[in-house]
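K.L.:
The lines below spell out each chain.
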Amino acid sequence: MGRTNRTRATITVIRMTTDPERSESNFDSKAHRDLSRRGLLLGAGGTGLAATAAAAFGFGRSTAPAIDPREPVHGTSTIDFYGNRQAGIDTPAQAHAVLLALDLDRNDDPDAARRLLRLLSDDAARLTQGRPALADTEPELAETPARLTVTFGFGPSLVRMLSPTSVPHWLRDLPHFDIDRLESDLCGGDLLLQICGDDPVSVAHARRILLKDARGYGAPRWIQDGFRSSRGARPRGETMRNLFGQVDETVQPRTSDGSREFVVWGNPPPDSTSTVRPWITDGTSLVVRLISMDMDGWDELSRRGKESSIGRDLRVGAPLTGVHETDEPDFEETSDMGFPVIEEFAHIRRAHPHAVEEQILRRSYNYDRPPKDTDRISDTGQLFLSYQADVVEQFLPIQQRLAEGDRLNEWTTPIGSAVFAIPPGCRPGGYIGDCLT
Amino acid sequence: MHCGAPKQIRRDSTVFERISFKTYSYLSLPCDGKSRAQGPARPKGCNIKMKNSSCKITVLCAASLVAVTACNTDTSPQEGPDQGPTEEGGADTRIHSENDDLWVRSAGSGMTSVFGTLENLTDDDLEIVAAETPVAESVELHEIILDDDGQEAMQEIEGGFLIPADAALEMEPGGDHLMLMGLHHELPPGELVEFTLEFEDGSAETIEAIVKDDGGQDEPYESDDHGDQNDH
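Chains as they are written, first to last, in my numbering: chain A, 2 to 438; chain B, 7 to 238.
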């Protein structure tokens, strides 16, 4: 009884301190009034806490600032669904993601596959624009899409079913790497739905709707979610950090210099001799790698040891031969002792492209879950997402080098893997995949 | 733009409400049992949606019909084909499924329902008196009523669905809908189904709906065997 009252009082106090609507001036007196009244109501059991809380209001107010009521709300911002290319690739990465990989019940029924794609495209078209899906039983959850995107990826059997002659040669499982400890239920899939958004509630709603509508046609094979820093928490455009604390994804193809167009969409600059081409105009590919990170092992390293293993400092992500994050690493530079400053097996040396084709667009998400094993305190890692026009030409050589020798391998283990062909976008009235006939 | 005097259509007016509209706001009329006067059962889903309006209008919720009228602008009606949606029809299009949000509840056989919004694109009232589809033997126009025991029940509407000028009919689970009787084959989710709507003047128009599986939403079918229809 007394316990219940205490809980209630605590909740009240918390709400008061964070209520953005309450102006500072009437905050004080109103809070005191509410608290004193509650104190009376609570009786002997609750007065101690109420008194403490009141004291906290009196003296500690400046340490608990309310959220600025002028802070802009961004829940209604939207990313177009319809277009030549699917959203969720060139879209600046949203804070939250969930990837749904589905196994289809049948791989010999293209009509059924098209019905499913029509249904899911319709859902995505509505939800991303802040409109409820058809027959949406929770329409209110659709009101704040917060840059929601749904990106469709097709596994080999789905492309083959829709258009047997269109299956790209790279659309198959990656070769086995010695570092792999893959779990089969975290690999593959016929249809991928990558849902991204800045609001985890609308992401969850989209996930529910899409899974519900897929129910008659297939079942989830694996579902993986992840997060980046929430929107507004860090300066816009800042490079993400992974849960090792590293600045991650510094080297990315940019829209500004045309490299994004080449790397992701397979449109090389006119003077290029590259043979990289998209499997279909405005299509690309996605490699998903689920990478488990040994946080406890990483803790055993000194900060300097951590920086050597990757070849960048942890503070700003600058290469060890530079000052700023975007400085080009100097792989030739040696220390006074004659050793290379960036070690032979440092991650950035091994990942550095040897050819112009060896570039990828990364769009990864962190994950942090309760441990499966009782002797660990977390199950932490990265949902590594890599977009490129051609998996074999662009992704594989990098992955091969990293698998053969990368100091980070000591603390990272690939446990899931999948490759998907990303079809072009669609027009109103159409659906994703309608161009495959 | 300003509103002209609201036009009213009355049939047995029992409830009188003055409601303020914003553009595309939903009109939810108090047709619950409590405000019910004497008389026969009253429709539950009085779902007429207004567009092009941000002003006050008067609405009457009557025994079997809700009639509302839009606020007409004081400018003369614009001639030209680009008033309505351009995508799926020219000047002949009289009715439109807003956002293409018409859907059919998936079913293996027997009967099923069609929901969504039907928007009247014309300056005149439209009355849908019949409908047909290639996938079913017949289509009935249904409304939900409260029966003598105060329970929701479904019945075929007398006359048809009247959609006032510039308004839209909201068909949703628990309210007005089209009922497909005697399905010729299974309707799996994602399939597109065509409907031909017949108007009072004998003209017709074809629209399309997508099949969806919505979980049922505890609809009060008259020969319903999952008894409980309350507590929502």
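Derived by calculation from the structure, the hints in this document are not laboratory data.
Since the model is a prediction, treat every value here as computed from it, not as a measurement.
Mixed in with the good hints, there may be bad ones.
Claimed, not checked - Here chain B is said to cover these stretches of chain A; the calculated rule only asks that three of the stretch's residues, wherever they fall, bring their Cβ under 8 Å from a Cβ of chain B: (1) 118-127; (2) 132-141; (3) 210-218.
The C-beta atom is built at its ideal place from N, Cα and C for all residues, glycine as well.
K.L.:
Please go over all the hints and tell whether each is borne out by the structure.
P.N.:
Consistency of the hints with the structure:
1. 118-127: holds (count 5)
2. 132-141: Holds: 4 residues of the region 132-141 of chain A have a Cβ under 8 Å from chain B.
3. 210-218: Since 5 is at least three, the answer is holds.
Of the hints listed earlier, there is not a single one the structure fails to meet.
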